[in-house]
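Hey, can you work out the whole structure from these sequences and the hints?
2 protein chains.
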Amino acid sequence: MVNFDYQTPTRLIFGRGVVAEKLQEVMGQYGNRVLMTYGGGSIKRSGLYAQVKELLKDKEIHELSGIQPNPKFNPSVLDGVRICREKQIDVILAVGGGSVLDCTKAIAGAALSDADPWDVVTMKVPTLKAIPIVDIITLAATGSEYDSGGVISRTETNDKLPYFSKHVFPAVSFIDPTYTFTLPLKQTLAGIADCINHIMEQYFCGEHIMMNDAFMEGAIKSLMKNVRIVMQEPDNYEARAEIFYATTLGCNGIYSLGNSPGGWPMHAIEHALSAYYDITHGEGLAIVTPRWMKHILNVRTLERFVAFGTGVFGISRELPEMEIAEQAIQAIHDFYKGIGMPMTLREVGIDESRIDEMAHHIAVNEGLDQAWAPLQEADIAAILRACL
Amino acid sequence: MVNFDYQTPTRLIFGRGVVAEKLQEVMGQYGNRVLMTYGGGSIKRSGLYAQVKELLKDKEIHELSGIQPNPKFNPSVLDGVRICREKQIDVILAVGGGSVLDCTKAIAGAALSDADPWDVVTMKVPTLKAIPIVDIITLAATGSEYDSGGVISRTETNDKLPYFSKHVFPAVSFIDPTYTFTLPLKQTLAGIADCINHIMEQYFCGEHIMMNDAFMEGAIKSLMKNVRIVMQEPDNYEARAEIFYATTLGCNGIYSLGNSPGGWPMHAIEHALSAYYDITHGEGLAIVTPRWMKHILNVRTLERFVAFGTGVFGISRELPEMEIAEQAIQAIHDFYKGIGMPMTLREVGIDESRIDEMAHHIAVNEGLDQAWAPLQEADIAAILRACL
Chain A
1 MVNFDYQTPT RLIFGRGVVA EKLQEVMGQY GNRVLMTYGG GSIKRSGLYA QVKELLKDKE
61 IHELSGIQPN PKFNPSVLDG VRICREKQID VILAVGGGSV LDCTKAIAGA ALSDADPWDV
121 VTMKVPTLKA IPIVDIITLA ATGSEYDSGG VISRTETNDK LPYFSKHVFP AVSFIDPTYT
181 FTLPLKQTLA GIADCINHIM EQYFCGEHIM MNDAFMEGAI KSLMKNVRIV MQEPDNYEAR
241 AEIFYATTLG CNGIYSLGNS PGGWPMHAIE HALSAYYDIT HGEGLAIVTP RWMKHILNVR
301 TLERFVAFGT GVFGISRELP EMEIAEQAIQ AIHDFYKGIG MPMTLREVGI DESRIDEMAH
361 HIAVNEGLDQ AWAPLQEADI AAILRACL
Chain B
1 MVNFDYQTPT RLIFGRGVVA EKLQEVMGQY GNRVLMTYGG GSIKRSGLYA QVKELLKDKE
61 IHELSGIQPN PKFNPSVLDG VRICREKQID VILAVGGGSV LDCTKAIAGA ALSDADPWDV
121 VTMKVPTLKA IPIVDIITLA ATGSEYDSGG VISRTETNDK LPYFSKHVFP AVSFIDPTYT
181 FTLPLKQTLA GIADCINHIM EQYFCGEHIM MNDAFMEGAI KSLMKNVRIV MQEPDNYEAR
241 AEIFYATTLG CNGIYSLGNS PGGWPMHAIE HALSAYYDIT HGEGLAIVTP RWMKHILNVR
301 TLERFVAFGT GVFGISRELP EMEIAEQAIQ AIHDFYKGIG MPMTLREVGI DESRIDEMAH
361 HIAVNEGLDQ AWAPLQEADI AAILRACL
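Sequences listed follow chains A and B, in order.
Per our numbering: the first sequence = residues 1 to 388.
Per our numbering: the second sequence = residues 1 to 388.
Worth flagging that the hints you see were computed from the coordinates, not collected in a lab.
Copies of one chain are not kept apart here, so a pair can be met inside one copy or by any two copies together.
With a cut-off of at most 30 Å between alpha-carbon atoms, the simulated DSS-like pairs for lysine-lysine come out as follows:
#1 K124 to K22
#2 K87 to K44
#3 K59 to K129
Given the structure is predicted, the values throughout are model-derived calculations rather than measurements.
Structure representation (structure tokens):
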């Protein structure tokens, strides 16, 4: 078990109707000038936008809309920073999915810094303070509502970079699973794949403890069971709630305190795919997962595959260990295929042409040669080719 | 899944050597006047007292020692409040087990209130602020290092009462599993029983979710496995660390977010035992557990017993459900017996003489008629008699 230093100060307000019940009380703890950040029109169609505006009608609300999936430094972060400075914003209320919240974190950190916003987002300059963030999260996927990080893309340079600071933990996250009843199936599935992958990145590592394994296996089994329920009944509250709870815990570390770091290799590889091609992050992860597993399987990593295969898929411990591992890889592929995820790069519009360029970009920027299962540039290229 | 509103702001610094590494940095964030609280002489014998004094030699340190197990309102809480007021203490550093920390929370909350300290501790008067608390926890048991509550005893009235306030979450908890290497076996076992029981109180309830079950079953299995390791090798770091991690999460709610409350009936019953007879809390819990289970087993509660028996003890799902439940009750009894816990009240010096008086006290004060498995006074008396 490795040493850890862990703190997640965010207050989670979870359940049916919690926005109507507590948003005014929470926002009343901050000053009057609010920046409300959101994406496209979905919160207007759903009525959430109107509800929030009504609940906060006594506040001075400024708006930053149009934040895209894989949120962009330019224009979204820059516009948000400008508004915060000009209007002396007291609190930012993010309403939407993980991308809206990730973008909001970058704005909150950069707005109170004298440095160039890009230097804050790339962490060349440390974040020393941030505007408080409250969020109403509408998508069960990234876990951004319970962590201190985000991922920001810069289109000009094909960069998709993580931004972290303990100052950008949301102060309060509102999570009402009913908001996910009307999501397009594609987004529900991509969120499930994102979360399963978050958990696998923490599960596949050198040092690990028994109760973390049980927690993570239980969470993945819950996601796999409940996604099939919501595909049949999109408004099944219990299933939506279990999914949202599993995804909320995805990235703050609670699944794996005491585990050694694995290096998040699948995310590193996928980030290049969505930076170069702007594909859906969860779909990219589903495609990469079984190919990464197959590539790193060897006698040294075998124990994790056996634990995963028996713990998640119930594969018999009586089988030879290598066979358990191969069945586990097949099982995760078949699970994704079975729920209708695209499982090749070609299905999401990516061909061979830039594979080597992406592999080089990943090898230079992501430090995967230091991961639990080290990957050199040739390994990364081989994994990407296997995804075609 | 039930709605929840959850926040645990405590920073956990966990692992070998963390006090030497980070205590000065942490304490440097507070003012100069420190109240150090501790129990008997064990931290002096272990060298921890001297280490802390050396690390904090630039601070003005006042001391409150002699805090007992089942910590007493009079004199410990009252003395602590007096010192805090007289010396204008900036931060309290609790060094010891759960009792020292529970007592410290009551001191921290009462010291900044104008009300009578007993009214604060009994929550007749709300706690509006508290002196910041840092702790070095030396016993894996209560989980007080990661929650906002404590239990305070008042000997004159046989009261053993919970005290809660969000203001008394420790700001920082230092957890070094090596401190538990030299614990007397009795304390190690009592801590294990305390934690298993904390988890069971959260597991046996009406509404529950799949991933919480997996987490809690995994934690109990980890405790049951690792206690047998440390009985053979008291200085096995990995086993001590897994135990400490499981106990740390025991009472802040993270094991069961979204579960409905069970009412903590076993704790309610045990609190009377240790209030009337000052027995070791964990031993009382081990004795009560199988008798409570047996008493509340019926067709309505059966599902929880089946999940528990198959998930924790690997009892076959092929058996009739009532048989799984009975085997599960026997298995938890045999586990405690097998590690050498006393399993009858007589073994801890309690006879029949005050059973009815305790049952009445519990029935009047604990609200167990509202628990998931409701208990009237006659039920409580029957459970206590079955423990004899």
